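Enquirer: Here is what each chain is made of, one letter per residue.
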Amino acid sequence: MSTTNPEKKSFIGKFLSVYALHILLAAIAFTLTLPFVWMILTSLKPLKDIESSSWLPSDGRLRWENYRDVFDTENANRQIGTLQDMKFDEDGALVSAAVLRDADGLVETFNVDRKTSFYDSEGLPIEEKNLQNGIHVRMDRPAGEGVQFARFYWNSIFIASWVTFLQVITSAFAAYAFARLKWKGRDSIFMLYLATMMLPGLVMMIPNFQIMIKLGLVDTYAGLIIPSAFSAFGTFLMRQFMLTIPSSLDEAAEIDGANKWQTFWNVILPLARPGLITLTIFTFMGNYNSFFWPLVMLRTTAKYTLPIGMLFFDSSRGQSTHLLMAAITMSVVPMVLVFVLMQKQMVKGIALGAVKG
Amino acid sequence: MADVVLKNVCKIYDDNGFKAVDDFNLDIKDREFIVLVGPSGCGKSTTLRMVAGLEDISSGTISIDGTIVNDVAPKDRDIAMVFQNYALYPHMSVFDNMAFGLKLRHLPKKEIVERVQEAAEILGITELLDRRPKALSGGQRQRVAVGRAIVRKPKVFLFDEPLSNLDAKMRVQMRVEISRLHNRLGATMIYVTHDQTEAMTMGDRIVVMESGRVQQVADPMTLYNKPANKFVAGFIGMPPMNFFNGGIVSGDNGLSFKNEHVNIPIPPEWKDKIGGMAGKEAVFGIRPEDIGSTRAEEEPGMPSVSLDVEVVEPMGSETYIYSTIGNNGVVAKLDAWRNFKVGDKAELKFFMPNAHIFDGSGIALV
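Chains as they are written, first to last, in my numbering: chain U, 3 to 359; chain Z, 3 to 368.
If you are wondering where the hints come from, they were derived from the structure by calculation, not from laboratory data.
Some hints here could point you the wrong way.
[As the list claims (entries may be wrong)] Examples of chain Z residues toward chain U, derived with CB under 10 Å:
1) Val7
2) Ser95
3) Phe97
4) Lys105
5) Gly281
[Said to hold, decoys possible] Sample of chain Z residues lacking proximity to chain U, with all beta carbon distances greater than 12 Å (derived):
6) Ser61
7) His93
8) Asp98
9) Glu113
10) Glu120
11) Asn265
[To be verified] Counterexamples of contact, computed for chain Z against chain U with all Cβ distances above 12 Å:
12) Arg51
13) Asn87
14) Met100
15) His108
16) Arg154
17) Gly239
Note that the structure is predicted; figures quoted are calculated from it, not measured.
All C-beta atoms in this analysis are idealised placements derived from N, C-alpha and C, irrespective of residue type, glycine included.
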């Protein structure tokens, strides 16, 4: 049958290979995109709708102000409304309270500590012993203790940029030595270097931390940047890439009169650009998202990076999932930008045409 | 411009002890076009790379213009090299490819532009200067690679199989262009190839190499007419020389070369050279054009063989016919008018003055 009706067969074949594949890919893309859509929609909901099954706010109004509130530390730390549900510890000190907010009629529960102050409607401080459920208050937590989202943003980008810059440079240098230069013991040392990739990061966390204490780099940017400035993975990636560049190019450069540095800088590095870009993306994303090492290293709130800063939106100061989602959405933006801008370069194989072909 | 002298040059690879080049001696004169030719792995490229400074020299000396350059870096040897795969920098324009070496030498910008323009004009690539190598054809890339060499105005040009990636037509064209360039620039050139046609057509002198050793150094016609040994005889010439294994026997009519299938009387004038060979193994060699040629047919007293025509290859101006005698394949290059067909019996004469006899170890006797 199939030989007598080749057109039909080719149509089915084409359908299977083109349409079915596209449908499958679309389904996968949809599944992968769904959590992001949910995140963005949730970031536009009022707090009271967070746990509802609806995708959109119940009153239909998208709360763009959530994005402002993430940055607005003053407002985010200030609650005006009716005091409720005060809780005390064994010593009689106030530990938590709820405020029925005037603004949206929602009840927010907050931990209360020494730095929390209460004011009456005239703006005069209310002493703790005078607080009681049902009075109208303005509750403040001093700025600097709360979320400094813009600062976290800056910290994350600053640290990730430095790490990426240093790591790409050092990886390219090391890769050039491992891939293009001839020296005794090169391959053994490379194997040793690679072997360090076998050690899980968590195992190295404590020794690294001890070194950082000795160097006095705990709670500094340098303490986050320097340990990540060198990478066996990056070196490996760049080396593999550089191995694909024909060795006659080095030789041509050598005869043209280039020294090793000039060969590296003028010939090999430009040709390794797709590799450099791939490594840039990997490193930037990895570092921008890194959580545990900054958490261990950082003490001062002003130095926090975004992943740690997000902890402020957990429920310890009362539920603020809508703000958390807005914060995450914003923190994803640089990643998306980096990827969109560089993805084309990543795919582009500039090494083509280097030799015959 | 300069002469290049290689004295007892050896190359032994450290890692496996392989002797790639064995006692290479050559005196290349100023402005000479020398071709190194041989099958792959014969050490010709290695020799060239040692002259370039891309490979260390295990022993012996190489001197350029009277200076021993064994420990001189490639950039200070005043040489330029054209690579088999062109080795153009893919991220640079044609202009930048050609100017790269000049920039590294900190030449004034004006002079760089002038030199590149001049080279581009010589090679006819002026309109390509802004393009990237990717946008060029194979022949154009090869021209750029040559251009990159000539802008430097080096003492010695080195070519490492520069035409082997081109198609046949382009190869012939570039061959002529490089020869022309040699005449125009008057530079010393060392050219490596595995193609005996290129070697024959381009070289002032040809160095035939095999297994790291020089087999013969001579001008093309000497190489063709008086090969030093069986290897050279078989390597130079297309189609290759026919060989018959057998022995020299002494009979009533003097000496003859004999095996189960042929009996070729040896001309009396060769007696001095062959005399001592009676009763010993020998190889008889004759080029395809010396079988059944007009000369052979007209000359009196030439021995003849009877061939069963197995394959006929008409080339236009001449026709090749293939046959077998015993275990040895035979090719004859005949005038096109001799209209043989497959299955025919051909009675063809050997033109003995151009025949060769090699001893058991392959050394040419006549």
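Enquirer: With reference to the structure, classify each hint as holding or not holding.
Expert: Evaluated hints:
Below 10 Å, beta-carbon pairs count as interface contacts, and Val7 of chain Z has none with chain U, the closest being about 20 Å; its hint is therefore violated. At a threshold of 10 Å, the smallest CB-CB gap from Ser95 of chain Z to chain U is about 12 Å, leaving the interface hint violated. The beta carbon of Phe97 of chain Z is not positioned within 10 Å of any beta carbon in chain U (closest approach about 14 Å), and the interface hint is therefore violated. Restraint check, Lys105 of chain Z versus chain U: the minimum CB separation of about 9 Å is within 10 Å; hint holds.
This hint is violated: Gly281 of chain Z has a C-beta 54 Å from the nearest C-beta of chain U, more than the 10 Å allowed. Ser61 of chain Z, annotated as away from the interface, keeps every beta carbon of chain U farther than 12 Å; the closest lies near 20 Å. The beta carbon of His93 of chain Z sits about 4 Å from the closest Cβ of chain U, which is not more than 12 Å, so the claim that it is off the interface is violated. For Asp98 of chain Z, the requirement that its beta carbon stay farther than 12 Å from each beta carbon of chain U is not met, with the minimum near 10 Å.
With a minimum CB-CB distance of about 15 Å to chain U, Glu113 of chain Z clears the 12 Å threshold, and the non-interface call stands. Remark: the non-interface label on Glu120 of chain Z is consistent with the geometry, its nearest Cβ contact in chain U lying 18 Å away (cut-off 12 Å). Non-interface call for Asn265 of chain Z relative to chain U: holds, since the shortest CB-CB distance, roughly 52 Å, exceeds 12 Å. With a least CB separation of 8 Å from chain U, Arg51 of chain Z falls inside the 12 Å interface cut-off, contrary to its annotation.
Interface exclusion of Asn87 of chain Z from chain U breaks down, the closest Cβ pair being 4 Å apart, not more than 12 Å. With a cut of 12 Å on Cβ distances, Met100 of chain Z falls inside the contact zone with chain U, its closest approach being about 10 Å. Listed as outside the interface, His108 of chain Z is inconsistent with that label: its C-beta sits roughly 10 Å from the nearest C-beta of chain U, within the 12 Å cut-off. Arg154 of chain Z, annotated as away from the interface, has a beta carbon of chain U within 12 Å; the closest lies near 8 Å.
At roughly 29 Å, the least C-beta separation between Gly239 of chain Z and chain U is larger than 12 Å, which holds for a residue marked as non-interface.
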